[in-house]
Amino acid sequence: MALLSPTKPAAHRRAVGALIALVGLAACDFADPGRTGELDRGRFYYSCENTHDDGFCDRGDLSREFPTAVAVGSSFRLDYEPNDGTVHFDIISGCLDCLQRTDGRWTMTTEGRAPLLVENSSGEIYDLLHIEAKPATDLVVRVDDETWPGDTLVLIAGTLHDFGATPEAADGTELGGSLEYEWTIADTSIIEAWSSENRNDIELQALAAGETTVTVRSGDLSFEIPVEVREAG
Amino acid sequence: MRRSLFGMLALCGLVSSLSACAPRYEGFRCEVLNETPTQNLCTDQRIEIARGEAMVVRLSPQSDSRTEFEESVEVELRPTDPLLVDVRPGLSDDQTIIGLTVGETTMEVWVDGELESEVTTRILESEPSGPRD
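Top to bottom, those sequences are chains A and B. The first sequence begins at 1 in my numbering and counts up by one. The second sequence begins at 1001 in my numbering and counts up by one.
Just so you know, the hints here were simulated from the structure itself, not pulled from any lab data. Take the hints with a grain of salt, since some may be wrong.
[What the hints assert, rightly or not] Chain B regions said to be covered by chain A (calculated; three or more residues, Cβ under 8 angstroms):
{"#": "1", "segment": "1069-1082"}
{"#": "2", "segment": "1085-1099"}
{"#": "3", "segment": "1102-1110"}
{"#": "4", "segment": "1121-1129"}
[Said to hold, decoys possible] If you only want the chain A side, here are some residues facing chain B, beta carbon under 10 angstroms, derived:
{"#": "5", "residue": "L96"}
{"#": "6", "residue": "T107"}
{"#": "7", "residue": "A114"}
{"#": "8", "residue": "L117"}
{"#": "9", "residue": "L128"}
{"#": "10", "residue": "E146"}
{"#": "11", "residue": "T147"}
{"#": "12", "residue": "W148"}
{"#": "13", "residue": "G150"}
{"#": "14", "residue": "W183"}
{"#": "15", "residue": "G210"}
{"#": "16", "residue": "E211"}
{"#": "17", "residue": "T212"}
{"#": "18", "residue": "T213"}
Positions of the beta carbon are idealized from the N, C-alpha and C atoms, including for glycine.
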């Protein structure tokens, strides 16, 4: 059992959070979300299909980094910036059976690798990048940006907390790609959701003393967090 | 009579010396331009690539005569089974070989528009990567 700290009243915490977000945006404190093409003629950029369903995009459409792998069946977006800005190009799949694009949304339907090919207007391959898909075998839950090990979470009544879930492969790789999520709270008189329950991150408020569970589901995967709420003081 | 015999001998000598000087295809040199996730192989005898991976290659014809091929001579690979392997053209006569399905096949080697040989091509199962450090 662990007590989550610090605990601040909801309004105060919201104001501090907004200030931190503004400072963070001003400082542009993002890792480079691009990856250089294998022929070194430009850079590929990963962005999220849905900012609330992809753990790699918790601050907007652009990812904090280019994922090592994406979850099988998840969707994402890609862009390419050639070193020579005059080149007209299209990103095409090198594996029509396993990597598909619909309306700019990419999906890898099977486990394994596939080449993303940059084709110029003459139909020549200009650059390329391999992308890998792995099946999601586990959900990792973060509470206030800390990975939660799964024991009982202790919250103080009146405080707000950020919960997030990210899919992981069997080898521990954090997977990119937008998946569907659903959060449920066993007893909503003890904990209440402050944001939509159908996204990978959610804001929960501890309301009153008691014990309950918070569960997140994505496909066949689920993660249950036992929660004990205590009165302040 | 003697002059015409001499002329014929000279012509034969010229033709044979010209054919001896012309480049004769004996294989190709393969330079791989990208680092594929799984180790690949590209020689004029055997090409190996993993399924789901693409290898960008630059092929140069090799001659078994004293005369080398001109730089403009193209070596082109053509898959005999396009379900197993695909080849796409690239810049500067580069070619992108893509492993589609695990198996073994051949690719035809065309040099300046003529079929010269075939190269055995194996498409292997790819190895999954580990998590990034």
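Verification of the supplied hints:
Only when three residues or more bring their CB closer than 8 angstroms to a CB of chain A does the claim for the segment 1069-1082 of chain B stand; here the count is 0, and the claim is violated. Proximity of the segment 1085-1099 of chain B to chain A, defined as three or more residues with a beta carbon under 8 angstroms from a beta carbon of that chain, is established by the 8 residues found. Requiring three or more residues with a Cβ within less than 8 angstroms of a Cβ of chain A, the coverage given for the segment 1102-1110 of chain B is violated, as only 0 such residues are present. Here's how the segment 1121-1129 of chain B fares: 3 of its residues keep a CB closer than 8 angstroms to some CB of chain A, so the rule of at least three is met and the hint holds.
Satisfaction of the interface hint for L96/A is found here, the shortest Cβ-Cβ separation to chain B being roughly 9 angstroms, below the 10 angstroms cut-off. Given hint, T107/A at the interface with chain B, is violated; its Cβ is 15 angstroms from that chain's nearest Cβ, farther than 10 angstroms. A cut of 10 angstroms between beta carbons decides the hint on A114/A: the least distance to chain B is about 5 angstroms, and the hint holds. The beta carbon of L117/A comes within 7 angstroms of a beta carbon in chain B, closer than 10 angstroms, and the hint placing it at the interface holds.
Given hint, L128/A at the interface with chain B, holds; its Cβ is 6 angstroms from that chain's nearest Cβ, closer than 10 angstroms. Given hint, E146/A at the interface with chain B, is violated; its Cβ is 19 angstroms from that chain's nearest Cβ, farther than 10 angstroms. Because the beta carbon of T147/A sits about 14 angstroms from the nearest beta carbon in chain B, more than 10 angstroms, this interface hint is broken. At a threshold of 10 angstroms, the smallest CB-CB gap from W148/A to chain B is about 19 angstroms, leaving the interface hint violated.
Checking G150/A against chain B: minimum C-beta separation of about 20 angstroms lies over 10 angstroms; hint violated. For W183/A, the suggested interface contact is broken, since its CB lies about 26 angstroms from the closest CB of chain B, more than 10 angstroms. Residue-level restraint check for G210/A is violated (minimum Cβ-Cβ distance to chain B is 38 angstroms; threshold 10 angstroms). Annotation: E211/A was flagged as interfacial toward chain B, and the flag is violated, the nearest CB pair being 35 angstroms apart, outside 10 angstroms.
For the restraint placing T212/A at the interface with chain B, the shortest Cβ-Cβ distance is roughly 33 angstroms, beyond the 10 angstroms limit, so the hint is violated. Evaluation of the T213/A hint against chain B yields a violated restraint, the C-beta minimum of about 29 angstroms exceeding 10 angstroms.
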